[in-house]
Amino acid sequence: MGIQLPQATPPNSTPAPSADVEEAPTVELRALDQLWFQVSGTVCNLRCNHCFISCSPENHSFWFMSRDEVRASLDASVRLGVKEYYFTGGEPFMNRDMLGILEDALALGPVTVLTNATLLPQRTVDALAVLAAASPYTLEMRVSIDGVTAEMNDAIRGDGSFDRAIGAVGRLAAAGFLPIITTMQTWSEVETDGILAAFWDVLGKVGYDRPRLKILPPLRIGAEASRDRGYDEFERVTHDMMAEYPAELLLCSSARLVTASGMWACPILLDYESGRLAHTLEEAAARPAVLAEQACYTCWVNGAICSNMPGFAADPA
Amino acid sequence: MIGVEAGGTYTKVAAFGGVYSNHLALGAAIDDALSRGAEAAICLGDLGAFGPNPDKVFPLLREHGVSVVRGNYDDSIARGLEDCQCGYTDPRDNHYARLSYQYTFQNTSPKNRSWMATFPEEIRFRMGALDVLACHGSPRQTNEFLWDSATPTHFLDKLAQDFDTDVIVGTHTGVHWMRRWGDHRAYVNVGALGRPANDGRTDVWYAMLEVVDGDLAVDFVPIGYDHAALAIEMRDEELPEEFVETILTGWWTTCLEILPGKERAAGRF
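These protein sequences, in sequence, are chains C and H. My numbering puts the first residue of the first sequence at 17, with every later residue one more than the last. My numbering puts the first residue of the second sequence at 6, with every later residue one more than the last.
Source of the hints: derived by calculation from the structure; they are not laboratory data. Any given hint could turn out to be false.
Unchecked claim - Distance condition first, Cα-Cα at most 25 angstroms in a straight line; then the derived DMTMM-like pairs of lysine to aspartate or glutamate:
| hint | chain 1 | residue 1 | chain 2 | residue 2 |
| --- | --- | --- | --- | --- |
| 1 | C | 230 | H | 95 |
| 2 | C | 230 | H | 247 |
| 3 | H | 17 | H | 127 |
| 4 | H | 163 | C | 170 |
| 5 | C | 230 | H | 153 |
| 6 | H | 163 | C | 264 |
| 7 | C | 230 | H | 87 |
| 8 | C | 221 | H | 98 |
| 9 | H | 61 | H | 36 |
| 10 | H | 61 | H | 247 |
| 11 | H | 17 | H | 188 |
| 12 | H | 163 | C | 207 |
| 13 | H | 61 | H | 242 |
| 14 | C | 230 | H | 88 |
| 15 | C | 230 | C | 251 |
| 16 | H | 163 | C | 175 |
| 17 | C | 230 | H | 98 |
| 18 | C | 221 | H | 87 |
| 19 | H | 116 | H | 88 |
| 20 | H | 163 | C | 299 |
| 21 | H | 163 | H | 136 |
| 22 | H | 163 | H | 126 |
| 23 | C | 221 | C | 207 |
| 24 | C | 230 | C | 170 |
| 25 | H | 163 | C | 91 |
| 26 | C | 230 | C | 175 |
| 27 | H | 17 | H | 98 |
| 28 | H | 61 | H | 44 |
| 29 | H | 163 | C | 120 |
| 30 | H | 163 | C | 85 |
| 31 | H | 116 | H | 98 |
| 32 | H | 116 | H | 95 |
| 33 | H | 61 | H | 241 |
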């Protein structure tokens with residue numbers, strides 16, 4: 017039995033857009049390659065102080081998606097030719113339907129789950145391994161760890177989260193997964209090589225000896241705006257900045273986000289009305305993304321940071 | 006054997022993937038294709054990369070009239086771009102990709118660079134009654150990776166419909182695989198001649214396409230060649246020992262970031 021789902025509710029604390037939506041640059045969808053699911057809404061068992069959508073146990077702005085809701089968008093995705101599926105939250109494994117949802121998605125294509133890995137006991141890892149082995153498509157476990165020590169990570173993600181996540185990485189590796197470890201860059205550039213070496217060391221100690229590491233830039237919205245700093249006034253995307261820019265580098269040119277409350281342009285703009293596009297996936301695919309928020313500046317600088325790899329990029333010819 | 010020409014109709018075609026300057030494997034594959042009675046041959050691009058003396062590949066292709074589709078490496082070398090356009094973000098992968106690209110660029114003659122600039126992005130032909138689109142990565146993008154575990158069938162079907170073809174033939178990943186769907190539709194990744202398929206074997210692979218009873222039959226052909234001689238040549242050229250190790254062991258040691266988890270887990274590194 018799945019969780020009892022209350023009526024989906026719209027966001028209750030939508031911040032004001034940082035630019036006039038009518039005047040902001042827009043990006044057309046080039047191809048719907050990535051379909052993202054806000055599968056656990058904004059509900060998370062952790063309260064990370066860098067979370068760009070401020071997820072927590074109490075943040076019910078976006079609620080869990082049911083297996084049927086996800087399935088409806090998966091059906092639409094086949095018609096639209098989607099290439100890969102991503103599941104995020106909140107913490108996806110707080111959704112009691114998660115394993116069934118993954119089974120449905122893995123029947124259609126490759127799947128990535130973004131998880132804090134604190135809710136992955138051995139029985140769940142075993143179930144994931146069964147799902148992965150049964151599918152011809154890859155199941156990527158993307159684990160967020162924000163430091164190479166408990167002290168460094170737990171200052172951001174909460175007490176005990178480092179040990180629980182590292183333990184789960186060990187279980188995932190033993191089950192045959194090669195988790196993608198994502199970490200937000202909270203250090204200076206000159207420290208990067210040392211941090212990466214330390215990750216290799218700490219992950220190797222739990223049996224993960226060929227780690228895949230992905231460093232993310234900070235998104236200075238949500239909780240992160242308080243932890244470190246918000247955006248400077250100049251950090252926004254203008255029409256001039258888009259004039260010579262290959263828009264296909266941006267996630268919103270090749271992705272849409274499905275939530276229990278409708279369709280968004282991308283996973284980052286969840287708290288912004290300008291990110292909301294439509295009720296149906298077909299409608300959302302037909303509408304351009306609006307680069308009205310300062311978080312769009314981070315993507316303009318760094319490209320499609322949410323993807324496992326750069327996606328459908330500029331044609332080299 | 007002749008080169009596959011745009012608009013031509015064939016019954017037995019040898020399709021070669023990334024050559025990566027492995028002239029010994031290319032020569033062995035051409036001999037094999039001739040012995041199997043291939044009437045035509047096509048190479049899907051990326052003539053240079055990890056291997057030694059890139060100019061040695063070109064005479065073989067010219068001598069046997071092999072048609073070539075432009076790969077991302079060919080495009081970069083021909084246009085003098087800064088990198089190979091594989092899109093790595095991992096620092097280690099970028100390090101080795103840079104070494105490979107700089108060596109290849111510096112050792113490819115202007116004459117061959119000019120020839121690479123003439124390679125088309127796609128060649129469309131027919132196998133019996135089936136329309137075939139030959140490309141490097143995907144029909145929509147030269148450097149798009151299409152891996153078995155990361156490519157949904159409905160996505161391939163959309164490509165086939167968007168580009169109005171029955172069969173798509175590509176390379177770029179370096180691992181051979183194929184998928185069939187519908188009545189006659191298929192995607193064939195022909196693999197690569199340049200380095201082994203990350204399977205612990207020293208063989209490299211190409212695909213023989215043949216019309217059998219009106220349908221497309223695909224035979225992935227392993228090619229044993231003098232890989233020890235290639236390793237010696239690579240060391241003489243002072244190429245990274247990591248590249249040599251791949252040739253001698255069959256396991257990829259670099260450019261691993263772009264592998265999906267399923268394919269990467271099947272390898273050693």
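ask   = So which of those numbered hints doesn't the model satisfy?
value = Those not satisfied are hints 4, 12, 16, 18, 27, 31, 32.
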